[in-house]
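Make the full structure from the sequences, and use the hints.
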Amino acid sequence: MDWPGAIFEQLKAADVRQLAHVPDAGHARLLRLAEAEPKVRVVTLTTEEEGIALLAGAWLGGQRGVLLMQSSGVGNCINMLGLAKTCRLPLLMLVTMRGEWAEFNPWQVPMGRATPGVLAAMDTAVLRIERAEDAAETVAGAVRLAFEGGPAAVAVLIAQRLIGAKTFGK
Amino acid sequence: MSLDRDRAERLSLRRRPLVARLLEGADELAVIAGLGAPAWDCAAATGERALTFPLWGAMGGAAMMGLGLALAQPRRRVLTVTGDGELLMGLGALVTIGAAPAANLAIAVLDNERYGETGGQPTATAGVLDLAALARAAGFREALTVRDQAEVERARSLLLSAPGPVLVDFKVRAEDLPIVMPEKDGATLRDRFRRALGVA
Ligand SMILES: Cc1ncc(C[n+]2csc(CCOP(=O)(O)OP(=O)(O)O)c2C)c(N)n1
Numbered sequence: 001m002d003w004p005g006a007i008f009e010q011l012k013a014a015d016v017r018q019l020a021h022v023p024d025a026g027h028a029r030l031l032r033l034a035e036a037e038p039k040v041r042v043v044t045l046t047t048e049e050e051g052i053a054l055l056a057g058a059w060l061g062g063q064r065g066v067l068l069m070q071s072s073g074v075g076n077c078i079n080m081l082g083l084a085k086t087c088r089l090p091l092l093m094l095v096t097m098r099g100e101w102a103e104f105n106p107w108q109v110p111m112g113r114a115t116p117g118v119l120a121a122m123d124t125a126v127l128r129i130e131r132a133e134d135a136a137e138t139v140a141g142a143v144r145l146a147f148e149g150g151p152a153a154v155a156v157l158i159a160q161r162l163i164g165a166k167t168f169g170k
Numbered sequence: 171m172s173l174d175r176d177r178a179e180r181l182s183l184r185r186r187p188l189v190a191r192l193l194e195g196a197d198e199l200a201v202i203a204g205l206g207a208p209a210w211d212c213a214a215a216t217g218e219r220a221l222t223f224p225l226w227g228a229m230g231g232a233a234m235m236g237l238g239l240a241l242a243q244p245r246r247r248v249l250t251v252t253g254d255g256e257l258l259m260g261l262g263a264l265v266t267i268g269a270a271p272a273a274n275l276a277i278a279v280l281d282n283e284r285y286g287e288t289g290g291q292p293t294a295t296a297g298v299l300d301l302a303a304l305a306r307a308a309g310f311r312e313a314l315t316v317r318d319q320a321e322v323e324r325a326r327s328l329l330l331s332a333p334g335p336v337l338v339d340f341k342v343r344a345e346d347l348p349i350v351m352p353e354k355d356g357a358t359l360r361d362r363f364r365r366a367l368g369v370a
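Here the protein sequences come in this chain order: U and L.
Take the first sequence: its letters are residues 1 to 170, numbered as in the working numbering.
Take the second sequence: its letters are residues 171 to 370, numbered as in the working numbering.
Hints are computed from structural coordinates only; laboratory data are not their basis.
Check the hints yourself; a few may be wrong.
To be verified - Listed next, the in silico DMTMM-like pairs over lysine to aspartate or glutamate satisfying Cα-Cα at most 20 Å (straight line): (1) K354/L <-> E287/L; (2) K12/U <-> E148/U; (3) K85/U <-> D355/L; (4) K39/U <-> D15/U; (5) K85/U <-> E179/L; (6) K85/U <-> E287/L; (7) K12/U <-> E100/U; (8) K12/U <-> E37/U; (9) K85/U <-> E100/U.
Okay, here's the thing in structure tokens:
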């Protein structure tokens, strides 16, 4: 099942116009779909916290956005998450998990394990996609929570098991 | 190369009248003000202003907020006014902005070569670092360093109307000025800004 396609359909339905990211292999298909959609402005960041400030500005200007990253990027975001919280700005994040299942790279494990706790510590709502068939519904729920239920910071963690173990051919 | 801690005290440009001139009559301009002194300078210049969003934290985020706003509001001029220390914390933003160019985005750096808010410790701009050169290398359409009053008007018109992204590094005197605090409730700032843009 094409879960990145299902996620992208939800983002389009929610009128998300700015997509910011530091690339992760798990987001590669979603990024290709976004690049091909003229209504969505894709902004490649040098570090993930830039995306929180970018999307704060986008919302101030009347546009919705989404921030894509892998779990290690969550650690880069901590202080900037305070911007969304203090100003009660919507913030939608899609986080591909590393270091939680069949991980071959030990350097991914510490931040992968810390990711839910770090987000919770900054008062970010955390949802999780374990199965492809749940992707659309979970993202739709996250969109609603972020843009209508708060506004609030919401992270959707995409399970490593769903993405598939990365092996670099090993 | 060591830092020259004292030369900023001999710089001739003064930040308060400079910011007042940048914002004078620019009623349609949307402004993001970096934390600390740049936010106080904007408040001193205009008082409370719905289209100015002063930051009280989020250090390193002012330029990127300007980018997100500029992309969302392509027909409106957006100016980020920030400090050298604040810009240095998010220096990658220059690269991101250079690669995702917004023609309506401008950045004015009030470069006192110090972390003024925290006791005046020198920043890297007190040495050889050239912020305008960095911005040019990153792809900014215009980027220059301004030291004299005689260059201010040209810099102002670049900031307010030249195709961007534009960055002006204003070398301003290191000085202690009275703090003029703007509104600090984030939700209040958010709502009044969005209402002023007509997007609330
Ligand atoms: C993440 C983070 N680190 C440190 C600080 C403390 N801090 C507040 S303002 C400031 C210096 C700002 O310097 P600059 O942008 O050059 O402004 P100036 O006061 O010199 O005009 C620092 C280091 C902070 N607020 N946030």
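*Return the numbers of the hints above that this structure violates; sort them in rising order.*
Hint check: 5, 6, 7 and 9 fail, others pass.
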